Amino acid sequence: MSIKLEQLPEQYRLGHKYIDGQHEILFQLFKELSEYCKDSNYDLDLSIILLSLKTYVDTHFRYEEQLMESSGYGDVAAHKIEHSSLEKQVVERIEHFSTLNSNDELMAFALDMKGFLLNWLLEHISVTDRKFCKSLV
Amino acid sequence: MKIKIPNPFNFQSRKTFIPQVKANPPGEELILDFENVSSLDSAALGMLLMAREQTKSTSSKVSFINCNDSIKQILEVAQFHMLFKIS
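Those sequence lines, one after another, are chains A and B.
Just so we're aligned, residue 175 is where the first sequence starts under our numbering, counting upward by one.
Just so we're aligned, residue 6 is where the second sequence starts under our numbering, counting upward by one.
Hints may contain errors.
Think about it this way: if two alpha-carbon atoms lie no more than 16 Å apart in a straight line, the pair counts; the simulated EDC-like pairs of lysine to aspartate or glutamate are [unchecked claim]:
hint	chain 1	residue 1	chain 2	residue 2
1	B	K27	A	D219
2	B	K27	A	D217
3	B	K20	A	D217
4	B	K20	A	E209
Reference excerpt, derived from the structure (chain B facing chain A, CB under 8 Å, subset only) [unchecked claim]:
hint	residue
5	L50
6	A83
7	H86
8	M87
Hints were generated in silico from the structure; no laboratory data involved.
Just so we're clear, the structure is a prediction, and the values are computed from it rather than from any experiment.
Quick reminder that beta carbons are idealized off the backbone N, C-alpha and C, glycines included.
Chain A extracted, bound-state conformation (with noise of 0.2 Å):
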């Protein structure tokens, strides 16, 4: 049983059941973020929609990582690189977050951590995820 694929990218998608799934969950979470930005009386808080995507980002990088791993993957150290670096700067973009009080500066931060965490997905998706997936065929 696969999760169908409805809001990831044909072009991004990688032929691996797993990664797609979960890169396809992290395009429905883009999506909430961008509903958000479109009703500021959304139905949910932002920091809950900024802190599910945290979660499940962290989530998938470790089932990524234990797959390169165990599949014996050459540069399994530079993809962990990659990783660390963005969950620190989510880290450091939610710290931020906190500080914000009025409603046009948690607009405009929702759309900036949108453009940011989407173009560096699509990147990571394209290059890196990419290359490791070509290597377990």
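Go by the hints and put chain B onto chain A.
Frame of chain A; chain B shown alone:
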């Protein structure tokens, strides 16, 4: 508090699901009953992650009960067993 999850569990379920999650009393375990669920999509999986953070903010935990094998497989692909108690 127990919530009976609707079937299918998808973006359309959001209007009822999120208010139910928010109504969970602080400190009380939120039990999500999947007995009637035979399909769930990525929007539903995203909602479950947000339910986890929402309840965590009130010192509560979320657990899933009555998941059939198909649902368990999807949750395993998503690695949700790392985040939730599933039975």
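K27(B) paired with D217(A) [C-alpha distance capped at 16 Å]: Holds, at roughly 10 Å.
field: Interface hint for A83(B), Cβ within 8 Å of any Cβ on chain A
entry: This hint holds: A83(B) lies near chain A, its Cβ roughly 6 Å from the closest one there, short of 8 Å.
- request: For the pair we were handed, K27(B) and D219(A), check the Cα-Cα distance against 16 Å.
  value: 11 Å, holds
Restraint check for K20(B) with D217(A), where alpha carbons must lie at most 16 Å apart: Answer holds: K20(B) to D217(A) is near 9 Å, not above 16 Å.
Pair hint K20(B) and E209(A), alpha-carbon separation not exceeding 16 Å: 14 Å, holds
query: Would the stated hint for L50(B) survive a check requiring a Cβ distance to chain A of less than 8 Å?
result: Holds, about 5 Å.
message: Would the hint on M87(B) be counted as holding, given a Cβ-Cβ threshold of 8 Å to chain A?
response: 6 Å, holds
task: Go through the hint on H86(B) and say holds or violated, using the shortest Cβ distance to chain A against 8 Å.
output: With a minimum Cβ separation of about 10 Å from chain A (threshold 8 Å), the hint on H86(B) is violated.
Checked against the numbered hints listed earlier, the structure breaks hint 7 alone; every other hint is satisfied.
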